[in-house]
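Asker: Please model the entire structure based on the sequences and the hints provided.
Residue numbers (the numbering used here), protein chains in the order written: chain A, 1 to 55; chain B, 1001 to 1343.
Be aware that a few hints might be false.
[Said to hold, decoys possible] Straight line, CA to CA, 27 angstroms or less: simulated DSSO-like cross-link-like pairs of lysine-lysine:
(1) B/Lys1287 to B/Lys1068
(2) A/Lys43 to A/Lys55
(3) B/Lys1175 to B/Lys1185
(4) A/Lys14 to B/Lys1287
(5) B/Lys1287 to B/Lys1258
(6) B/Lys1158 to B/Lys1219
(7) B/Lys1185 to B/Lys1239
(8) B/Lys1068 to B/Lys1258
(9) B/Lys1005 to B/Lys1287
(10) B/Lys1219 to B/Lys1239
(11) A/Lys55 to B/Lys1185
(12) B/Lys1123 to A/Lys14
(13) B/Lys1150 to B/Lys1175
(14) B/Lys1063 to A/Lys38
(15) B/Lys1158 to B/Lys1123
(16) B/Lys1185 to B/Lys1150
(17) B/Lys1155 to B/Lys1123
(18) B/Lys1068 to B/Lys1005
(19) A/Lys28 to B/Lys1005
(20) A/Lys38 to A/Lys28
(21) A/Lys14 to B/Lys1155
(22) B/Lys1158 to A/Lys14
(23) B/Lys1155 to B/Lys1185
(24) B/Lys1150 to A/Lys55
(25) B/Lys1239 to B/Lys1258
(26) B/Lys1185 to B/Lys1219
(27) B/Lys1005 to B/Lys1063
(28) B/Lys1175 to A/Lys55
(29) B/Lys1063 to A/Lys34
(30) B/Lys1185 to B/Lys1158
(31) B/Lys1175 to B/Lys1239
(32) B/Lys1219 to B/Lys1175
(33) B/Lys1175 to A/Lys43
(34) B/Lys1150 to A/Lys14
(35) A/Lys55 to B/Lys1219
Just so you know, the hints here were simulated from the structure itself, not pulled from any lab data. Here the structure is a predicted model, which is why all the values come from computation and not from measurement.
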Amino acid sequence: MIFNETVVEDGHAKVTGRAGIGVSINEKLLEELKADPKTLEVKEEPVWVVQGTWK
Amino acid sequence: MLDMKIREISPIVLTSKEGGSATWASTMILVRVVTSDGTTGYGEAVPTLRVSQVFRAVEQVAKSLVGKDVERLERNYHDWYLQDFYLSRSFESATAISAVDIALWDLVGKELGAPLHLLLGGKFRDSVPVYANGWYRDCVTPEQFAERAKELVRKGYKGLKFDPFGRYFDWIDEKGLREAEERVKAVREAVGEEVEIMIEHHGRFNANSSVEIARRLGKYNPLFMEEPVHHEDVEGYRKYRRSTNVRIALGERLISLKEALFYLREGLMDVIQPDVTNVGGVTVARKVCALAEAFGVEVAFHNAFGSVQNAVSVQLASVIPNLLLLGELLRLVPVMEKGLDLQ
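Answerer: Here it is as structure tokens:
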């Protein structure tokens, strides 16, 4: 989604000196993934758990 | 004066068929703010089960802020506080204004040619210690948890957070306690004593259950127990505090500075976990961190959504003196990785 992702090395995220929050958005990909806002299906496994662990 | 007006505020919902480590990780809500001179800034809001409601809340915030000065960050937050009678009670409103606030800070930085950390007082550290989160998709057996944990340690992670509680909610029985202990024991043995482990509870238990959990799992030396009790159960947290000696982390559901003050003043946490995408953006998050510093409480930003949240969280984490760790879900979530420049 963003071109200049935060680099993580040896358990540490590097702090960029680029302007603002430091990332630029992939506008083309953004257009490809854009969707209408809609309600989500409610399944037995709640959305707040990591998938496949509600067992 | 930067002389930039807010021309447009747009919520954008993104989805991926690939899914993610959590259902909400396959949906993102970005907020794009465009200025009068055409400069674009981005923020991010929290999706959970409220995607359409948050989308509409951002549209409502736009009605209040379009036409106003980009650089008047405190004033813009205040103006929404003035307009929305229920801001202090509404997650949707709080995450909407948070996303817009992040985008406004992004714009001010771009206009000045300065990174956010410079606007906030400069770097306290050049890199931010992170822990891995969301790494245990489809893990059920202790062996599965242990194997995945070893992979992360090999990649350099020095902290791992995970939820070992399966499908238990509100209460847990002896079988659940035994299963959780087997998973935690397996991870601790797999990673050794030099790697921090953090036990995620997802705010799912009552106090009696969480106290029993602490008695069973405390011996594995977790760095903290995250949201061991239902978020709003203040009496439960008091009981948990009186009955255990483990470190408590909470804060991802805080939606205002004054709500953070309440939990801090009650002494209910050792580590605060503000989420910049719902506590009030950069404008409020920095105040929460300062407040926590005054209480001697460390900060571990909650950072479980998308790339924009991650970027702004790293910037904030780089400037505060009382940082403990930053959660990191990003690289483990397919929708976020697509199109990335993986350096």
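Asker: Run every hint past the structure and note whether it holds.
Answerer: These are the hints, each one checked on the structure:
{"no.": "1", "hint": "B/Lys1287 to B/Lys1068", "result": "23 angstroms, holds"}
{"no.": "2", "hint": "A/Lys43 to A/Lys55", "result": "13 angstroms, holds"}
{"no.": "3", "hint": "B/Lys1175 to B/Lys1185", "result": "15 angstroms, holds"}
{"no.": "4", "hint": "A/Lys14 to B/Lys1287", "result": "23 angstroms, holds"}
{"no.": "5", "hint": "B/Lys1287 to B/Lys1258", "result": "10 angstroms, holds"}
{"no.": "6", "hint": "B/Lys1158 to B/Lys1219", "result": "19 angstroms, holds"}
{"no.": "7", "hint": "B/Lys1185 to B/Lys1239", "result": "26 angstroms, holds"}
{"no.": "8", "hint": "B/Lys1068 to B/Lys1258", "result": "26 angstroms, holds"}
{"no.": "9", "hint": "B/Lys1005 to B/Lys1287", "result": "25 angstroms, holds"}
{"no.": "10", "hint": "B/Lys1219 to B/Lys1239", "result": "20 angstroms, holds"}
{"no.": "11", "hint": "A/Lys55 to B/Lys1185", "result": "18 angstroms, holds"}
{"no.": "12", "hint": "B/Lys1123 to A/Lys14", "result": "11 angstroms, holds"}
{"no.": "13", "hint": "B/Lys1150 to B/Lys1175", "result": "26 angstroms, holds"}
{"no.": "14", "hint": "B/Lys1063 to A/Lys38", "result": "21 angstroms, holds"}
{"no.": "15", "hint": "B/Lys1158 to B/Lys1123", "result": "22 angstroms, holds"}
{"no.": "16", "hint": "B/Lys1185 to B/Lys1150", "result": "13 angstroms, holds"}
{"no.": "17", "hint": "B/Lys1155 to B/Lys1123", "result": "26 angstroms, holds"}
{"no.": "18", "hint": "B/Lys1068 to B/Lys1005", "result": "5 angstroms, holds"}
{"no.": "19", "hint": "A/Lys28 to B/Lys1005", "result": "26 angstroms, holds"}
{"no.": "20", "hint": "A/Lys38 to A/Lys28", "result": "22 angstroms, holds"}
{"no.": "21", "hint": "A/Lys14 to B/Lys1155", "result": "16 angstroms, holds"}
{"no.": "22", "hint": "B/Lys1158 to A/Lys14", "result": "15 angstroms, holds"}
{"no.": "23", "hint": "B/Lys1155 to B/Lys1185", "result": "21 angstroms, holds"}
{"no.": "24", "hint": "B/Lys1150 to A/Lys55", "result": "22 angstroms, holds"}
{"no.": "25", "hint": "B/Lys1239 to B/Lys1258", "result": "22 angstroms, holds"}
{"no.": "26", "hint": "B/Lys1185 to B/Lys1219", "result": "9 angstroms, holds"}
{"no.": "27", "hint": "B/Lys1005 to B/Lys1063", "result": "14 angstroms, holds"}
{"no.": "28", "hint": "B/Lys1175 to A/Lys55", "result": "13 angstroms, holds"}
{"no.": "29", "hint": "B/Lys1063 to A/Lys34", "result": "22 angstroms, holds"}
{"no.": "30", "hint": "B/Lys1185 to B/Lys1158", "result": "17 angstroms, holds"}
{"no.": "31", "hint": "B/Lys1175 to B/Lys1239", "result": "23 angstroms, holds"}
{"no.": "32", "hint": "B/Lys1219 to B/Lys1175", "result": "18 angstroms, holds"}
{"no.": "33", "hint": "B/Lys1175 to A/Lys43", "result": "24 angstroms, holds"}
{"no.": "34", "hint": "B/Lys1150 to A/Lys14", "result": "23 angstroms, holds"}
{"no.": "35", "hint": "A/Lys55 to B/Lys1219", "result": "25 angstroms, holds"}
Comparing the model with each numbered hint stated earlier shows that all of them hold.
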